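Q: Letter by letter, the chains look like this.
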Amino acid sequence: MEEQLRKIDRDYGFNLSDEEVQTIARRAAEFESLFHCLYEVDLSDTAPLLKLDKRP
Amino acid sequence: MAVDAAAATISELAPLLRRKKISPVELIQNYLEKAKRFNPHLNAYITLTEDQALADAARAEREIHQGQYRGPLHGIPFSIKDNLSTAGIRTTAGSKILADWVPDFDASAVQRLKDAGAILLGKTNMHEWALGGTTINPFYGTTHNPWNLDYIAGGSSGGSAAAVAAELCLASIGTDSAQSVRNPASMCGIVGLKPTYGRVSQYGTVAGTGAYSTNHTGILTRTVEDCAVVLQAIAGHDPKDPLSANAPVPNFSISVGKPVRGIKVGILRGYFDEFIAQEVAANFSQAVAAFNSLGMETEEVTTPHLGLIPAIKVCTSRVENAAAHDPYLRTKAHEYSKATLHSYISALLTPAATYVMAQRARRIVCDEFDDLLKRVQLLILPTIGFPVPTIEQCQEGYVEFDGRKLPRQDARGGLESLCCIPFNVTGLPAISVCCGFSKSGMPIGLLIVAGSFQEPLLFQAAYAYERESEWHQRRPTLPV
Numbered sequence: 001m002e003e004q005l006r007k008i009d010r011d012y013g014f015n016l017s018d019e020e021v022q023t024i025a026r027r028a029a030e031f032e033s034l035f036h037c038l039y040e041v042d043l044s045d046t047a048p049l050l051k052l053d054k055r056p
Numbered sequence: 001m002a003v004d005a006a007a008a009t010i011s012e013l014a015p016l017l018r019r020k021k022i023s024p025v026e027l028i029q030n031y032l033e034k035a036k037r038f039n040p041h042l043n044a045y046i047t048l049t050e051d052q053a054l055a056d057a058a059r060a061e062r063e064i065h066q067g068q069y070r071g072p073l074h075g076i077p078f079s080i081k082d083n084l085s086t087a088g089i090r091t092t093a094g095s096k097i098l099a100d101w102v103p104d105f106d107a108s109a110v111q112r113l114k115d116a117g118a119i120l121l122g123k124t125n126m127h128e129w130a131l132g133g134t135t136i137n138p139f140y141g142t143t144h145n146p147w148n149l150d151y152i153a154g155g156s157s158g159g160s161a162a163a164v165a166a167e168l169c170l171a172s173i174g175t176d177s178a179q180s181v182r183n184p185a186s187m188c189g190i191v192g193l194k195p196t197y198g199r200v201s202q203y204g205t206v207a208g209t210g211a212y213s214t215n216h217t218g219i220l221t222r223t224v225e226d227c228a229v230v231l232q233a234i235a236g237h238d239p240k241d242p243l244s245a246n247a248p249v250p251n252f253s254i255s256v257g258k259p260v261r262g263i264k265v266g267i268l269r270g271y272f273d274e275f276i277a278q279e280v281a282a283n284f285s286q287a288v289a290a291f292n293s294l295g296m297e298t299e300e301v302t303t304p305h306l307g308l309i310p311a312i313k314v315c316t317s318r319v320e321n322a323a324a325h326d327p328y329l330r331t332k333a334h335e336y337s338k339a340t341l342h343s344y345i346s347a348l349l350t351p352a353a354t355y356v357m358a359q360r361a362r363r364i365v366c367d368e369f370d371d372l373l374k375r376v377q378l379l380i381l382p383t384i385g386f387p388v389p390t391i392e393q394c395q396e397g398y399v400e401f402d403g404r405k406l407p408r409q410d411a412r413g414g415l416e417s418l419c420c421i422p423f424n425v426t427g428l429p430a431i432s433v434c435c436g437f438s439k440s441g442m443p444i445g446l447l448i449v450a451g452s453f454q455e456p457l458l459f460q461a462a463y464a465y466e467r468e469s470e471w472h473q474r475r476p477t478l479p480v
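Note that the protein sequences, when read in sequence, are chains S and V. Just so we're aligned, residue 1 is where the first sequence starts under this note's numbering, counting upward by one. Just so we're aligned, residue 1 is where the second sequence starts under this note's numbering, counting upward by one.
No wet-lab data here; the hints were simulated from the structure. In this text, all values refer to a predicted model and were calculated from it rather than measured experimentally. Be a bit skeptical, because a hint or two may be false.
[Stated by the list, open to error] One side only, chain V facing chain S, incomplete, derived with CB under 10 Å:
# : residue
1 : P259
2 : L329
3 : I345
4 : L348
5 : A358
6 : A361
[Unchecked claim] Computed list of lysine-lysine pairs in BS3-like fashion (alpha-carbon distance at most 25 Å, straight line):
#  : chain 1 : residue 1 : chain 2 : residue 2
7  : V       : K114      : V       : K36
8  : S       : K7        : V       : K338
9  : V       : K258      : V       : K114
10 : S       : K7        : V       : K332
11 : V       : K96       : V       : K258
[Claimed, not checked] Over 10 Å on every C-beta distance to chain S, these chain V residues come out as not near it, computed from the model:
#  : residue
12 : Q68
13 : D104
14 : P310
15 : A323
Cβ coordinates follow ideal geometry from the N, Cα and C atoms, glycine included.
Model the full structure from these sequences, guided by the hints.
A: As structure tokens, then:
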């Protein structure tokens, strides 16, 4: 995660400190953990919802 | 003319304006005076548009005197969250980056209100880039809750809610990507509507102040009846917004006052239950009892994949928001607050495949809610699980209730958003109305949800409850 983040830092020119890199990487890891449940549900026949095209 | 402060709803003032019993100019002067007097305490407005408002009021007065009455919003003072574009008026999005941005066009919702004769008093404070639920803004200051200045007004449309609750305007337009209309409405004891996704145009909402697929233009008013009047003016298809729905717009006010006996209501249970404080639960139970006494039939319900919602919401919103911010992240990163910048950067680390998985799971969740809403017509739950936190608690990053001290925010977002986000994921219409007060004297909100484009049913039930409970008649005491 930190390696990816350092690449983004270079690409965008953020000039993040080491402490910021660690903080952001830790947050990203927490999100990764939250998103894990999305891979545990059977989505085999489910297309992504690309627009909330609501109809009455 | 003496404007009766006790008659300060649109529905009460509109007939007086139509019959020329009160003057739009005097009404606007009255509201501007209140805004100038109390805004230093509340910080609800970022910008007051006094000169333009007075000019517009003079025009409204001329039109009404010439028999050109436009309808129930003619001469009515309103405000706009500072992430909806306003021609000739700076639109900051609560950000430093847009501190000096003056659009040359109006957002469609603003334009429609102006066409209806409503008069813009100013632009309201908000959370930086609408990315949070406190309206503790590092650039424009903190908005204070009119019920107690030590407490937050909620967010991200905190300035709008504080302005309406303190009667510094009669209606406000906000945006809601997770909670941002309903949360501050709940915390300030007023009505907050997030309509069906697509019901109201989002054209002119500043990009990056809410995710493309979860954001909604919403309404804050003091009463349900007023909310219906405002929705009437701003609802409907907008060719400028490809995400707006080409759905018929019914007469919303007709449903206000209709009997509610026999309406089936589901009490929604789910992952948010563990964050519902005892006193909120007690107020909610009383609201359920009121629904039953009105003849509605309640039962507990849930959906099989409800627990996926925080992951779906956080993933879609974060990725879509980060994409919208890409140009600024490359050129003006130093102009974000650290917390906001870090949030967007961490979103850049989310794999594209995860975003697609979230949108696939989202379809399942939406289908399950559609099925549930064939069995019951409405859903109810608390708008926020715990009483309004203080500004100090939020600054220190925690909330406290029932002897528990919890981080206010975790990977799922702000804890205060957990009851609201299912309806950003599904796009279902949801309205928050006041259902009581905490021991600390702060308002508590009840969230009522209906099927897609069923806003009339929402107004019908919300109005019946509002009249039964009469919580809407309480008003905050403002600092002298």
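Q: Are the hints correct? Go through all of them and say.
A: Okay, the hints, checked on the actual structure:
Nearest Cβ of chain S to the Cβ of P259/V: about 23 Å, over the 10 Å cut. The hint is violated. Contact between L329/V and chain S, as hinted, is supported at the beta carbon level, the nearest pair being about 6 Å apart and thus within 10 Å. Below 10 Å, beta-carbon pairs count as interface contacts, and I345/V has one with chain S at about 5 Å; its hint therefore holds. Among the interface hints, the one on L348/V holds; its C-beta lies about 5 Å from the nearest C-beta in chain S, closer than the 10 Å criterion.
At its closest, the beta carbon of A358/V sits 6 Å from a beta carbon of chain S; the interface hint therefore holds under the 10 Å criterion. A distance limit of 10 Å between C-beta atoms decides the matter here; for A361/V the minimum to chain S is near 5 Å, and the interface restraint holds. Of the supplied pair hints, the one linking K114/V and K36/V holds, its CA atoms being roughly 22 Å apart against a limit of 25 Å. For the suggested pair K7/S and K338/V, the alpha carbons sit about 19 Å apart, so the restraint of at most 25 Å is met.
A threshold of 25 Å between alpha carbons decides the hint, and for K258/V with K114/V the separation of about 30 Å lies outside it, so the pair is violated. With a CA separation close to 18 Å, the supplied pair K7/S and K332/V stays within the 25 Å bound. A C-alpha spacing of about 47 Å is found between K96/V and K258/V, which places the hinted pair above 25 Å, so the restraint is violated. Every CB of chain S lies more than 10 Å from the CB of Q68/V, the least distance being 33 Å, so the non-interface label holds.
Interface exclusion of D104/V from chain S stands, the closest Cβ pair being 29 Å apart, more than 10 Å. The beta carbon of P310/V sits about 7 Å from the closest Cβ of chain S, which is not more than 10 Å, so the claim that it is off the interface is violated. Listed as a non-interface residue, A323/V keeps its Cβ farther than 10 Å from every Cβ of chain S; the least gap is roughly 13 Å.
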